[in-house]
Amino acid sequence: MKVSLLLLWVLPAAAAIDFTRDVEPILAARCHSCHGARTQMKNLRLDSREDALRVLSPGKSAESLLVRMVSGAEEKRIMPPVGARLTAEEVERLRRWIDEGAVWPKSAAAGAAKAGHWSLQPVSRPAPPNTRNRIWARNEVDRFILARLEREGWEPSPEAAKTTLIRRVSLDLTGLPPAPREVAEFLGDNRADAYERLVDRLLESPHYGERWARQWLDLARYADSDGYEKDYVRPHAWRWRHWVIGALNADMPFDRFTIEQIAGDLLPEATVDQRIATGFHRNTLTNREGGVNNEQFRVEQVMDRAATVGTVWLGLTFGCAQCHDHKYDPIAQKDFYRLFAFFNPAGELDIDAPLDGEMGPYLAALPEYRRNREALLAEYGVAKYQPAWEARMKEAREFPGKWTDWDHALDALTKYLDNALRILDTPPAKRTQKQTDAMTDHFVQNYHRVIGKDEWKQLKFTELRKKLRELRGGFPALSEAPVLVEEAPRRSHVLVRGDWKKPGAAVEPVVPGFLHPGPADAAPSRLTLARWLVSPENPLTARVTVNRVWQELFGRGLVRTSDDFGAQGEKPSHPELLDWLAARFLDTDWKRKALIRLIVTSAAYRQSSNARAEIDARDPGNALLSHQSRLRLPAELIRDSALHVSELLYPAIGGRSVRPPLPKGVMDLAYGTDVGWNEDMGRERYRRGLYIHFQRTVPYPQLMNFDAPDAAVAACRRERSNTPLQALNLLNDPVFVESAQGLAARLLRETPGRDAASRAVHLFQLCLSREPGRREAEFLTDSYRQQAALFEKNTAAAAFFPLEIPGVARTDAAAWTAVASAILNLDEFITRE
Amino acid sequence: MDPTRRAFFHSFSGMLGAAALGDLLAPKKPHFPAKAKNVIFFFQAGGPSHIDLYDPKPALRKWHGQPLPESMTKDLNFVFVKPDAKVLGSERVFKPHGRSGIEFSDYIPHIAANADDICLVRSMHTEAFNHHPGQAMLFTGSTQFGRPTAGAWVSYGLGSESRDMPAFVVLSSGNGASGGSTNWASGFLPSTYAGTVFRNSGEPILYLPDPPGVSRETQRARLDLIRKLNEERQYDTGDSSIASRIESYELAFRMQSAAPQFLDFSKESAKTLEDYGVNTEPMRPYAVNCLLARRMVERGVRFVMLSHASWDDHQELNRKLKKNCDITDRPIGALIRDLKQRGLLDSTLLIWAGEFGRTPMGQLERIDEDPGRDHHPNCFSAWAAGGGIKGGQAVGKTDDLGLRVAEDPVHIHDLQATMLHCLGLEHTRLTYRHMGRDFRLTDVGGQVVKRMLA
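Heads up: the protein sequence lines correspond to chains A and B, in order.
Read in order, the letters of the first sequence correspond to residues 1 to 833 in the numbering used here.
Read in order, the letters of the second sequence correspond to residues 834 to 1287 in the numbering used here.
Since the hints were made in silico from the structure, they are not lab data.
Just so you know, not all the hints are guaranteed correct.
Said to hold, decoys possible - Think about it this way: if two alpha-carbon atoms lie no more than 30 Å apart in a straight line, the pair counts; the simulated DSSO-like pairs of lysine-lysine are:
id, chain 1, residue 1, chain 2, residue 2
1, A, K402, B, K1230
2, A, K453, B, K919
3, A, K466, A, K430
4, B, K919, A, K793
5, A, K415, B, K915
6, A, K394, B, K1061
7, B, K1061, A, K415
8, A, K502, B, K915
9, A, K571, A, K502
10, A, K402, A, K466
11, B, K1230, A, K415
12, B, K1230, B, K1283
13, A, K664, A, K466
14, B, K915, B, K1061
15, A, K415, A, K430
16, B, K1230, A, K501
17, A, K415, A, K434
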């Protein structure tokens, strides 16, 4: 037994068992759901020592029922009955704890355990530990990592090759592999700080904002459509994404980044940009399905906003407290609805949010546009019918159930026109131009619902709709942005079991009671909440945020469960380092670039990612970072890399969403009639994956094949799966076939008259930033010859390589395309090493 | 190849079979011996009318044209119709079928002909009365989005037994369903478990065909180069996950040959094709899907979902219902018979269900149209047949009006628990940890419906 214990990195044999560190997490994760504060099956609770003594005898593990049941000694009575069995190691920990006397400190008594949870304690400022090895560490981060490795008696890995390093850090900071020229420069730079210079250059690249925006978009459940059955397109959603990219590139401090997104509209004299930031909360799903109760879905959206803030900033599963007090964390149901109450008064609005250069053309074209529009409306006599229609709508609202047609028409009005009732109640003379136009457009679109088919035909509104659409199409409209606005105050209540129809006790907007108090003197508003989230006393926001940055750079967070810092989540692998980083983040004014720079310049980050068989067997998740990790790239970066090396990428930053080619038939799977896919024909189709239009019910296949989240709820980390559909995607999707063709063309252009061997080297450099090994080079040239022979035999070369390159035989180009395509499919190409 | 490398790959190739796809899809043992190995799920999107298909309500004729008293409709949620809407009697004729004498509507004679194999549940109920949340409930056990779907859970629980096809395949016909791809998504499970859409014309699977100009030899040569270079990388980095990537390219290559073969019906007898209606409109696309379902089950595909939309008959009930029945009835009837004849029915679980039923009251969307029915989550019908199921019985009852469950309520979670049970899976033990808790298909509910079991 001693021998196997020595192998366990989590539990050095010498150290005594610590209840809080070694035992309580097992009980909390595996036992408390049935034997805890909420539920006590068989009248047993394992969150109090008194009670637990019924199933264990201190000092005598072999006789303790607890051990017998979790170890399988009791036939047919194995605990826990649900989920995986306890591991041998966990059972061993329980055994040792009992044999050592089952020490159960007072601080871990029931109830106190929740509030005493590590992540809720103030952030400490531990001094970096001393290490035996005095040479390896490049900065403080490394001393924490190294000290932990030394406890196991392990050496860190050597630094990765320079070629690996530049590819790694380029992908991590900009999401694009380095160009051969950049690699050559870096290899030739012998200054001591060559790497740091490279990092600084990459952090200043405008692609940095694109690379890191993706993570934030995942958290914000960003999409370009409503979700649910109708799944309407959100034509302005991208404007918030545009803001995120800009904010990241400007290195906006995270506290400001937070405040503007939660309450930018409430800042004194809020700018348009600050209001756009609140678009974060407009990414909730919207249900426009006929007959849906609007209030129900408004309430669900507010709940979603509260739960999302809980996940994104606090790293806690607040959503669990929607129906009942949280089972494991100190979040009372009341806490959830107090958080809810901050968002309850907020309403939705789309505002003009012009980009640079839009205002001039807009103002110039406006008078004529208005003249033409009014003329059209007059020509078809809209003014003759609309007022009566509006009056009748109001009546239908007053007497529901009286006129079926009008009930439906009213339902459609409230579903398809945002804030419809408010507009309806505003006298026409007092409406804004936008409101007037929106109401008229809806009327022209929907009047058929309440009149006979013949009458509708006579009005020729179908023709008018077309003309209005054409007119609008030619008009340089301003970009708009979805934002939050504060509406009239609404009373908030605890909702019994989360049911919007069952309000319980009234609640005020108050910050969660188990954390630091909110400011005493400030009125409770979203702005107060935002400031509280980023106040220096908040133990969670900084920890959660630095952990996510770490996760992006090492493939796993210091807290692996980056979505859950509560009792059910895992404890940090390096608790002191987490706190040190969080404190440092606060001290450097919440600047993310400084944090990222610190981490990527560490020796820990620069380690080789090669596996270390003996150590990996003992630390399979590489939690202790005895090496870097090979990480399959996220979906978007796989696309970006292929387009980049083939020089097809259109690298414009920000802007609207794009629709690259989509296989025929994919959209047929959607219900929504609004879902059209007007493929972009120009260079827009070669934009980065970040900009691909995300239709929630029919997401772009390549994104989903490579584990992009579905934009339903905040996604804190992505899976990295491996499926045959991924292989088919990279082999045969026209995007990647075009990339292979582009890559082959580039290769041939850049190596005129050279032989296959030298082309193979260049191809490797273009795609993998390194030279091939001897055997790799052989494989490439052999494959090229084989492919060329195959294309000689059949006549399909022109189909596979439709371009004409002067001086290059078509079979040659096709053969190189086949080889190039193989390179784009390599595990190494889609992996950050 | 130098000796160390050769030894390395030699020792590794033995592991490849087992390490396929990183073990995610390796066949797994169920929790207890299973009755069924595969599932065919006939998803009827939109909410088919139980009153006009499976649950005869002669009393509605008497009430026809009158509103129901308020006492009967209070507490019920409706979407468009008001609680005082007028009752719409069914024009359908119901007759008992088979030895068991279960009554079915005249619109579904072919399904009815298999009455003695069918376990009809007339007491289904659910929580959602809108389509997308209702479909989420049916497939993920929750009205909230982002959870794994039934097919994904089953693939996760049992793995794949197919060497050349994914474990979970989706066949779609009609219009798209409200839930779109969320009905077969893997949620927070790895995307390995998501449903693969298989189309019955054109490219069966997305990105399946080789690009223009690429012959099979060229494709094979491409894959050989990929494999060799990946093996080199595995040797150099020591990363064993590269072996899984190599294997998934081989599976992709096999799928390229296998998938189109599913559509090659030349070996099917003329009678089989005729029985399903493969060459007959309007059922042709659905018939092709039903025949594909059988062929896939034969080849070890774990979970086949046939999604047909839409049964959302808010107006013109009789015309639209007939249309969908004409499309789906004969192929489903033929599939049950065919599976039985081939001895596959015992190992295949069939489920027929929509996300909810429809109101006894009629609905008029426009005054100049024939009436339809509104959404009705309070009671509806579904059925199961095949592996593990006791056929020839009707479980549960609704009240005389088809308004509420009267006896033996079966919640969606119960149906899900029963489905998993037939597959040898204990629904409370099939869990996945996410956001700090163990999630399962049946959320926090679900009881196996013992009466449904053989």
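Evaluated hints:
About 34 Å separates the Cα atoms of A:K402 and B:K1230, which puts this hinted pair outside 30 Å; it is violated. At roughly 25 Å between alpha-carbon atoms, A:K453 and B:K919 fall within 30 Å of each other, so this suggested pair holds. For the suggested pair A:K466 and A:K430, the alpha carbons sit about 28 Å apart, so the restraint of at most 30 Å is met. Taking the CA atoms of B:K919 and A:K793, the gap is near 75 Å; set against the 30 Å cutoff, the hint is violated.
With a CA separation close to 18 Å, the supplied pair A:K415 and B:K915 stays within the 30 Å bound. Using a Cα cut-off of 30 Å, the hinted pair A:K394 and B:K1061 is violated, with the two alpha carbons roughly 72 Å apart. Between B:K1061 and A:K415 the alpha-carbon distance is near 57 Å, which puts this suggested pair outside the 30 Å criterion. Our distance criterion of 30 Å between C-alpha atoms is met by A:K502 and B:K915, whose separation comes to about 21 Å.
Of the supplied pair hints, the one linking A:K571 and A:K502 is violated, its CA atoms being roughly 37 Å apart against a limit of 30 Å. For the hint linking A:K402 to A:K466, the alpha-carbon distance of about 33 Å lies beyond 30 Å, and the restraint is violated. The straight-line distance between the Cα atoms of B:K1230 and A:K415 is roughly 36 Å, outside the 30 Å bound, and the hint therefore fails. Between the alpha carbons of B:K1230 and B:K1283 the distance comes to roughly 16 Å, so the proposed pair stays at or under 30 Å and holds.
For the suggested pair A:K664 and A:K466, the alpha carbons sit about 26 Å apart, so the restraint of at most 30 Å is met. A hinted pair counts as satisfied when its Cα atoms are at most 30 Å apart, and B:K915 with B:K1061 does not qualify at roughly 68 Å. The suggested pairing of A:K415 with A:K430 holds, with an alpha-carbon distance near 23 Å, which does not exceed 30 Å. Distance check on the hinted pair: B:K1230 and A:K501 sit about 29 Å apart at the alpha-carbon level, within 30 Å; holds.
For a cut-off of 30 Å, the pair hint linking A:K415 to A:K434 stands: about 18 Å separates their Cα positions.
Hint violations for this structure: numbers 1, 4, 6, 7, 9, 10, 11 and 14, all remaining hints satisfied.
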